[in-house]
Amino acid sequence: MKNYANIEDFPIETIEALLDSASMLKKIKFNNLLKNKTMVGLFFNPSTRTRTSFDLAMSQQGGHFISLEPGSKSWGIDFEENMVMDGENEEHLKDAINVLSRYSDCIGVRCFPGFLDWDYDRKDMVLQNILKWSSVPIINMETISHPCQALAMLLTMKEKFNNLKKKKFVLSWSYHPKPLNTAVGNSALIAASMAGMDVTVVNPPYYDLDEKYINIAKDFVVKNGGTVTQSNNQDEGLAAADFVYVKSWGSLKQYGNFKKEEQAKYKDWTITSAKMSLTNNGYISHCLPIRRNLIATDEVLDSENSLIYEEAENRLHVQKAILNYLLGVS
Amino acid sequence: MKNYANIEDFPIETIEALLDSASMLKKIKFNNLLKNKTMVGLFFNPSTRTRTSFDLAMSQQGGHFISLEPGSKSWGIDFEENMVMDGENEEHLKDAINVLSRYSDCIGVRCFPGFLDWDYDRKDMVLQNILKWSSVPIINMETISHPCQALAMLLTMKEKFNNLKKKKFVLSWSYHPKPLNTAVGNSALIAASMAGMDVTVVNPPYYDLDEKYINIAKDFVVKNGGTVTQSNNQDEGLAAADFVYVKSWGSLKQYGNFKKEEQAKYKDWTITSAKMSLTNNGYISHCLPIRRNLIATDEVLDSENSLIYEEAENRLHVQKAILNYLLGVS
Amino acid sequence: MKNYANIEDFPIETIEALLDSASMLKKIKFNNLLKNKTMVGLFFNPSTRTRTSFDLAMSQQGGHFISLEPGSKSWGIDFEENMVMDGENEEHLKDAINVLSRYSDCIGVRCFPGFLDWDYDRKDMVLQNILKWSSVPIINMETISHPCQALAMLLTMKEKFNNLKKKKFVLSWSYHPKPLNTAVGNSALIAASMAGMDVTVVNPPYYDLDEKYINIAKDFVVKNGGTVTQSNNQDEGLAAADFVYVKSWGSLKQYGNFKKEEQAKYKDWTITSAKMSLTNNGYISHCLPIRRNLIATDEVLDSENSLIYEEAENRLHVQKAILNYLLGVS
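Chains as they are written, first to last, in this note's numbering: chain A, 3 to 332; chain B, 3 to 332; chain C, 3 to 332.
No lab work stands behind these hints: they were computed from the structure.
All values reported here derive from a predicted model rather than from experimental measurement.
Some clues are possibly wrong.
Note: identical chains are not told apart, hence a pair may lie in one copy or across any two.
Straight-line distance between alpha carbons at most 27 Å, and here's what the computed DSS-like set of lysine-lysine pairs gives [claimed, not checked]:
#1 Lys-28 x Lys-134
#2 Lys-125 x Lys-28
#3 Lys-225 x Lys-4
#4 Lys-39 x Lys-28
#5 Lys-31 x Lys-225
#6 Lys-220 x Lys-167
#7 Lys-180 x Lys-214
#8 Lys-4 x Lys-134
#9 Lys-39 x Lys-29
#10 Lys-4 x Lys-28
#11 Lys-267 x Lys-220
#12 Lys-225 x Lys-214
#13 Lys-31 x Lys-4
#14 Lys-125 x Lys-4
#15 Lys-267 x Lys-160
Produce the complete structure using the sequences and hints provided.
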């Protein structure tokens, strides 16, 4: 049984096959490959694109999508194995997953980290437990990584460049008033490295991504011919970039102990047209939702070089490819 | 590209064609005209009939409906163009609409006004911006007007009268403990005027609808042969009515500054059987949900002359007609 | 018109026919019997299995399921007939049911009791009113009884035993920090009695189920050859049990006046492996969600004799049978 838990779990050949499949499914929008198949999406956190695009990825292929929101419409869920359930939640994840495995053909899970203790959160225990308890394929719809988003980003870049190898990819931190998940950053970094790009990660001091992801990326570029560089100088990082992926995330050094004023020191990391002029007439994208005029200006986001909507659309197409791969119909 | 934003945007011939289409679709309940079509319903406010009837309007015609609730299941959304998004919301309406335009074939929007400043709310900026940003047809599922409800009301009346022209239509304000949206009142007034009815709007002093809608209605009756009258005397207004449309709304004079005790002065505006006896054995309807024994008594609502359920059912049929018209399949 | 309101409303022959139908539908998973049929599920309380399994029971048979949650996505609903609706809710149940009757082919209702006054709650007025107001079949998705769950429990037992007659069925109370609904207990008791089992209900003093349900069960065993016994001694009750159904519920003596410390006296009612060793190598099941290591230990729930997931899966199959029976397609 296959899962789509992390993009780094797959050889680059599989990723390329998924991208080819996604391109084809983008042209032939409707098919009946998922007739009688049901995916359940388990959303512990809000979602607009993920929910809608998975629903469509199923329905446009003859299948069915059911969305559950534990804690509001559905029973609140406890996560810890072997715990005594004497708190507020009525259901254990083990039971939810075992039951949904019997009802459905595939389960998607969105479960952001707890933001209290990174040493704990980095183990991604919820996802790991779900993988253990499920008897149907699991799709990571964002935990501490976001492999569906990363695949959509790859497709979006491939539509612009004949070949991604040695193109300069800049993952730039940007300002947001809250400490966000590092998931999109982690997966974007790895995806670009898998594609053999020259990757630069720019972020303020103390905002480095977990070295686990940096190391995975470095391992990939050895095989695939790119480079991975980290920098605290945004302007230098952006220089001659072919593709800028902007994203805010919280400092892992202040994890569980967020200092709003500290982060506010970096308000000038907002991507502006002036900053984009440092690039090689580079494209820019973001996973959405994006805080306009904080992460990047309206001018940048509404420019011809902005690929935010292309990438959002590509979520649909890559997720069709992932589903068909996992469910053995492609 | 066509939209269904306001009922007054259409010539009466188009409205009549929609009503004919709705009548036909009421008889032949199921078809496959919307195969492979998806409508996304964006609900910023609660909904029972609208949500259910649009879902059915799609599914009974082979299509698919996806419901999103920004701020709960989906990301919270900011509306203002060019703003710096440093508040609570993570997504901008511009991005949500651009993305949903790529995912779907039609977007429905329910977004009640802000109830702080009528000078601002009457511009209906959210709807106007959505119309600007969307690349697929938009359906107004209630903003400051409610054109789907008004079309259902017209169909309900046409099923009872051979000809609506010169029938007496009374739009009567009624008591509710809160200051409600004027949307249903606005669209009902206009729809009845488009149909050439003799329209009387009765409401307490200081509860007049925005003169914009009164003027649109007056323009229509010039063309269509009816009349538009306003009155503060409910009993006189109800006299000889063929059709009473009862609805509560907040005073535009006290907009953003609601005085509960002021409104409570008009508790005796509840429609009772005694008041209905003033009419020409008139029918009564309401958009639902209705506060029973405040807006109208149980006796009135459960009487043979009550058309509340007929109108609610007709929502389904007129919305099928609207969808087929907008999506070019009728 | 048929409804599925309470399991005791049906002769045992009908229940057996439903179980046979469910077994067949479990083998042939997909059909088109419910093409063009829609079920609306009205959820006043959270749901995971019920929501998902009814959605699948419709969609796997070609039909469509719409989920409504009054008070969050949908308008808040008042229940009392003839009331003056001057509180927080905008809609009356009478209107909601009348409208949904016109939109759909079947309505499911989950509405837990008020937990203030058992003399009132035991009348099950919400369900009774819905039955009165609906013009389409109603399914009880848990009010003060849970007949869908009970049917799933029966199917689960029948899959293990050739014949349920005279098998020892123990309904055992267990500890939970809150005072839960007696619904599952009520329906499980009756279902086992209908099947002619030897039924023992064990619970602490003051935790007896309403005698109405005890009496219905006693009437059934007269006809069907089993027995009904009540006991306050859990160990004696469990002795030689073939099937243990564990469930917590609140004391009807302290209804509306819950004493957390009182209930906490019975923390040792948790079903453990030691307790299960008293049985006749008995099976154990529960309706889920279950508080692990309070109601029963992980060791018990994850043992080979645990049927919790089989029963949860069987919800899907029995509900298909119920739907087909009510909608006249089986």
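Tested hints:
no.: 1; hint: Lys-28 x Lys-134; result: between (33 Å within a copy, 26 Å between copies)
no.: 2; hint: Lys-125 x Lys-28; result: neither (35 Å within a copy, 38 Å between copies)
no.: 3; hint: Lys-225 x Lys-4; result: within (24 Å within a copy, 53 Å between copies)
no.: 4; hint: Lys-39 x Lys-28; result: both (20 Å within a copy, 16 Å between copies)
no.: 5; hint: Lys-31 x Lys-225; result: neither (35 Å within a copy, 47 Å between copies)
no.: 6; hint: Lys-220 x Lys-167; result: within (15 Å within a copy, 67 Å between copies)
no.: 7; hint: Lys-180 x Lys-214; result: within (23 Å within a copy, 43 Å between copies)
no.: 8; hint: Lys-4 x Lys-134; result: within (12 Å within a copy, 43 Å between copies)
no.: 9; hint: Lys-39 x Lys-29; result: both (22 Å within a copy, 16 Å between copies)
no.: 10; hint: Lys-4 x Lys-28; result: both (23 Å within a copy, 25 Å between copies)
no.: 11; hint: Lys-267 x Lys-220; result: neither (30 Å within a copy, 58 Å between copies)
no.: 12; hint: Lys-225 x Lys-214; result: within (17 Å within a copy, 68 Å between copies)
no.: 13; hint: Lys-31 x Lys-4; result: both (24 Å within a copy, 23 Å between copies)
no.: 14; hint: Lys-125 x Lys-4; result: within (20 Å within a copy, 51 Å between copies)
no.: 15; hint: Lys-267 x Lys-160; result: neither (35 Å within a copy, 65 Å between copies)
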